[in-house]
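My request is simple: use the sequences and hints to build the entire structure.
The sequence shown begins at 116 in the numbering used here and counts up by one.
No lab work stands behind these hints: they were computed from the structure.
Note that the coordinates shown come from a computational prediction; the quantities given were computed from them, not determined experimentally.
One should not assume that every hint holds.
When the alpha-carbon atoms are kept at most 30 Å apart in a straight line, the in silico BS3-like pairs for lysine-lysine are as follows [claimed, not checked]:
#: 1; residue 1: Lys144; residue 2: Lys227
#: 2; residue 1: Lys227; residue 2: Lys177
#: 3; residue 1: Lys192; residue 2: Lys289
#: 4; residue 1: Lys177; residue 2: Lys217
#: 5; residue 1: Lys266; residue 2: Lys161
#: 6; residue 1: Lys227; residue 2: Lys289
#: 7; residue 1: Lys217; residue 2: Lys262
#: 8; residue 1: Lys154; residue 2: Lys144
#: 9; residue 1: Lys169; residue 2: Lys262
#: 10; residue 1: Lys192; residue 2: Lys217
#: 11; residue 1: Lys163; residue 2: Lys144
#: 12; residue 1: Lys186; residue 2: Lys144
#: 13; residue 1: Lys225; residue 2: Lys161
#: 14; residue 1: Lys289; residue 2: Lys177
Simulated restraints on C-beta separations [to be verified]:
#: 15; residue 1: Leu230; residue 2: Asp189; range: 35 to 43 Å
#: 16; residue 1: Ser340; residue 2: Asn210; range: 32 to 40 Å
#: 17; residue 1: Lys154; residue 2: Asp347; range: 27 to 35 Å
#: 18; residue 1: Phe155; residue 2: Val342; range: 34 to 42 Å
#: 19; residue 1: Phe155; residue 2: Gly268; range: 17 to 25 Å
#: 20; residue 1: Ala125; residue 2: Lys225; range: 42 to 50 Å
#: 21; residue 1: Gln191; residue 2: Tyr228; range: 44 to 52 Å
#: 22; residue 1: Ser340; residue 2: Asp189; range: 37 to 45 Å
#: 23; residue 1: Asp297; residue 2: Lys231; range: 25 to 33 Å
#: 24; residue 1: Met246; residue 2: Asp189; range: 42 to 50 Å
#: 25; residue 1: Asn346; residue 2: Lys231; range: 17 to 25 Å
#: 26; residue 1: Gln178; residue 2: Gln350; range: 39 to 47 Å
Backbone N, C-alpha and C define an ideal beta-carbon position, used for all residues, glycine too.
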Amino acid sequence: MNILISKQLAIKAVFFDIYGTIADFFPPKEEIQINVAEKFNITLDKDKILDAYKLANNFLVKQNSIFPIRKMNDEQKLNFFSEYEKIIIDNSGSNVDVGLAKNIWVEITKQKYDLKIFPDLIQCINDLRDMGLILGLISNINMSGKKIAEKLGVSSYFNYVFTSEDLGYEKPNKMIFEKSLDIAKLTPSEVVFIGDQVESDILGAKNANILPILLDRYNNYENYSEVIKINDLFQL
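Right under this line is the structure:
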C-alpha cells in the first residue's frame, strides 16, 4: 500500500478527482441506463455502456472547454444532455434520434440515485494521512466543495475540496489546478493528482505540471501507457 506515493520523495500532497475516482453512482449508471431504456422499448448492451460513457464524457469535456455546462441555462443544459444521452445509446447497441434521447434523459433525471464512495477509499486516505500528506479533491462537479464533501461524508478526511463552482474553471483547464494549489500553498512538484479520465484529469494535471496517476477501475484505458496507471486505490 502507498508504494507509488512513498517513492515520490518530494510529494507533500495527494489530490483526487471525485466522480469515478473516489465515488460513483448507486445504483450503477449502466443499470440506470438499461432500466430507463427498457421503458422506451430499447435494449442496451451492458458490456458496451461503460465505453459509451467514455465517449460521452469526452464530449462533455470538450463542451466544458468551449462553454462550461454550469453556465448554461436550463434549455441549453437539456439540449446538451440530450446529445450526451444519444452518444451513450448509439454506442450501447441501439440508435435513437436526439428527440427520443431527450425523452430518455429526462426520465433518467427522475431516477433515484446517489453518489457513494468506493470501498478502497478510506483505507487509502488513512494510510496517506499517516504518511503526513495533505489530501484534497478537485472536481468539475457543479456543487460547492463543502456541500459535496458533506454529501459523501468525507469532510473530515480531506484538507481541501475544490470544485468548478468554487473556482470558476473546469478540468482540463490548468487554472482550476493552479488556483487550488495557490490556496493550499503548494507547488506543482509537490503534488500528485489521481483521476479516472485521461481527457480531463490526466491532461489537466499535465497542463498544470502536476504528476498525474490514472485510476483505471474498469480497464477503459487498457492500451494507455503515457502515465502511471493503477486499477484501484490499494495500488498507490
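A quick look at each hint next to the structure:
no. : hint                        : verdict
1   : Lys144 / Lys227             : holds (11 Å)
2   : Lys227 / Lys177             : holds (28 Å)
3   : Lys192 / Lys289             : holds (24 Å)
4   : Lys177 / Lys217             : holds (20 Å)
5   : Lys266 / Lys161             : holds (28 Å)
6   : Lys227 / Lys289             : violated (34 Å)
7   : Lys217 / Lys262             : holds (29 Å)
8   : Lys154 / Lys144             : holds (16 Å)
9   : Lys169 / Lys262             : holds (26 Å)
10  : Lys192 / Lys217             : holds (11 Å)
11  : Lys163 / Lys144             : holds (12 Å)
12  : Lys186 / Lys144             : holds (25 Å)
13  : Lys225 / Lys161             : holds (21 Å)
14  : Lys289 / Lys177             : holds (14 Å)
15  : Leu230 / Asp189: 35 to 43 Å : violated (22 Å)
16  : Ser340 / Asn210: 32 to 40 Å : holds (33 Å)
17  : Lys154 / Asp347: 27 to 35 Å : holds (34 Å)
18  : Phe155 / Val342: 34 to 42 Å : holds (39 Å)
19  : Phe155 / Gly268: 17 to 25 Å : violated (35 Å)
20  : Ala125 / Lys225: 42 to 50 Å : holds (48 Å)
21  : Gln191 / Tyr228: 44 to 52 Å : violated (23 Å)
22  : Ser340 / Asp189: 37 to 45 Å : holds (42 Å)
23  : Asp297 / Lys231: 25 to 33 Å : holds (31 Å)
24  : Met246 / Asp189: 42 to 50 Å : holds (45 Å)
25  : Asn346 / Lys231: 17 to 25 Å : holds (19 Å)
26  : Gln178 / Gln350: 39 to 47 Å : violated (32 Å)
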